[in-house]
Amino acid sequence: MQESKRARLGALCALYFAQGVPWAFITVAFVAVLVDADSITDEQVAALTFAGTLPWMFGKLVLGPLIDR
14 MQESKRARLG
24 ALCALYFAQG
34 VPWAFITVAF
44 VAVLVDADSI
54 TDEQVAALTF
64 AGTLPWMFGK
74 LVLGPLIDR
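Just remember that this note's numbering sits 13 ahead of the position in the sequence shown, which is counted from 1.
If you are wondering where the hints come from, they were derived from the structure by calculation, not from laboratory data.
Backbone N, C-alpha and C define an ideal beta-carbon position, used for all residues, glycine too.
One or more hints might be untrue.
[As the list claims (entries may be wrong)] Straight-line C-alpha distance at most 20 Å; calculated SDA-like pairs for lysine to any residue: (1) Lys-73 x Thr-62; (2) Lys-73 x Leu-28; (3) Lys-73 x Asp-49; (4) Lys-73 x Arg-21; (5) Lys-73 x Thr-40; (6) Lys-73 x Leu-25.
[Claimed, not checked] Computed Cβ-Cβ distance ranges for the label pairs, DEER-style: (7) Leu-61 x Glu-16: 41 to 49 Å; (8) Ser-52 x Leu-22: 28 to 36 Å; (9) Val-41 x Phe-71: 45 to 53 Å; (10) Glu-16 x Phe-38: 31 to 39 Å; (11) Arg-21 x Gln-57: 30 to 38 Å; (12) Leu-28 x Leu-61: 35 to 43 Å; (13) Cys-26 x Thr-54: 37 to 45 Å; (14) Arg-21 x Ala-60: 35 to 43 Å; (15) Lys-73 x Leu-22: 39 to 47 Å; (16) Ile-53 x Lys-18: 42 to 50 Å; (17) Trp-36 x Leu-79: 20 to 28 Å; (18) Asp-51 x Ala-27: 18 to 26 Å.
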């Protein structure tokens, strides 16, 4: 990594933003599209949102202890 503090901070911000983009898509944009569809119930929207966020939940539970070792 570069020695410049500004470059490191910029890289950190870019990575943090890139991490949040898929989460925002699943929890905001995807839900908005599903809610506009008349053929899907609220329970189905909740189930699909839950299924879409499972990788983040299990990733932190499973990979967290492995990374901290």
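Hints and how they fare:
no.: 1; hint: Lys-73 x Thr-62; in the structure: holds (18 Å)
no.: 2; hint: Lys-73 x Leu-28; in the structure: holds (17 Å)
no.: 3; hint: Lys-73 x Asp-49; in the structure: violated (31 Å)
no.: 4; hint: Lys-73 x Arg-21; in the structure: violated (24 Å)
no.: 5; hint: Lys-73 x Thr-40; in the structure: holds (17 Å)
no.: 6; hint: Lys-73 x Leu-25; in the structure: holds (19 Å)
no.: 7; hint: Leu-61 x Glu-16: 41 to 49 Å; in the structure: holds (46 Å)
no.: 8; hint: Ser-52 x Leu-22: 28 to 36 Å; in the structure: violated (46 Å)
no.: 9; hint: Val-41 x Phe-71: 45 to 53 Å; in the structure: violated (21 Å)
no.: 10; hint: Glu-16 x Phe-38: 31 to 39 Å; in the structure: holds (35 Å)
no.: 11; hint: Arg-21 x Gln-57: 30 to 38 Å; in the structure: violated (44 Å)
no.: 12; hint: Leu-28 x Leu-61: 35 to 43 Å; in the structure: violated (27 Å)
no.: 13; hint: Cys-26 x Thr-54: 37 to 45 Å; in the structure: holds (39 Å)
no.: 14; hint: Arg-21 x Ala-60: 35 to 43 Å; in the structure: holds (41 Å)
no.: 15; hint: Lys-73 x Leu-22: 39 to 47 Å; in the structure: violated (24 Å)
no.: 16; hint: Ile-53 x Lys-18: 42 to 50 Å; in the structure: holds (48 Å)
no.: 17; hint: Trp-36 x Leu-79: 20 to 28 Å; in the structure: holds (21 Å)
no.: 18; hint: Asp-51 x Ala-27: 18 to 26 Å; in the structure: violated (39 Å)
Violated hints, in rising order: 3, 4, 8, 9, 11, 12, 15, 18; the structure is consistent with all others.
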